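Let's have the full structure, built from the sequences with the hints guiding it.
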Amino acid sequence: VQSTTSFDVSDAQGYKVDGYTTVDLLGSYQLPVGTLSFSIENLFDRDYTTVWGQRAPLYYSPGYGPASLYDYKGRGRTFGLNYSVLF
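No gaps in the numbering here: position 43 of the sequence shown is 43 in the UniProt record's numbering, and each next residue is one more.
If you're looking for bench data, these hints aren't it; they were derived computationally from the structure.
There's no promise every hint is true.
Stated by the list, open to error - Here are the simulated SDA-like pairs of lysine to any residue, each with C-alpha atoms no more than 25 Å apart in a straight line:
(1) 73 <-> 40
(2) 73 <-> 86
(3) 73 <-> 8
(4) 16 <-> 5
(5) 16 <-> 6
(6) 73 <-> 59
(7) 73 <-> 61
(8) 73 <-> 35
(9) 73 <-> 13
(10) 73 <-> 34
(11) 73 <-> 83
(12) 16 <-> 80
(13) 73 <-> 26
(14) 73 <-> 31
(15) 73 <-> 23
(16) 73 <-> 10
(17) 16 <-> 79
(18) 16 <-> 50
(19) 16 <-> 3
(20) 16 <-> 81
(21) 73 <-> 11
(22) 16 <-> 53
(23) 73 <-> 28
(24) 16 <-> 63
(25) 73 <-> 20
(26) 73 <-> 44
Because the structure is a prediction, the values reported are computed rather than measured.
Next comes the structure, spelled out in structure tokens:
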């Protein structure tokens, strides 16, 4: 299990960036030939906006488009599966 955290911060002008935490589950199993690995990223399917998604509208909107154009959401729950063999 691992987690990634971004803390709440604000700059000198008073613009705030909301923090968030995501939790990932990773594991592997050694097979007779090779290794099977799996992952579940953002295990609890946390809905969040990336730091850049929170700051970009300040820099680019409205001059380069509406604020909604720069609302970058974080990736939802993602599953991964890998099989590897060393030779």
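List in ascending order the numbers of the hints, as given earlier, that are violated by the structure.
-> 2, 8, 10, 11, 12, 14, 17, 20, 23
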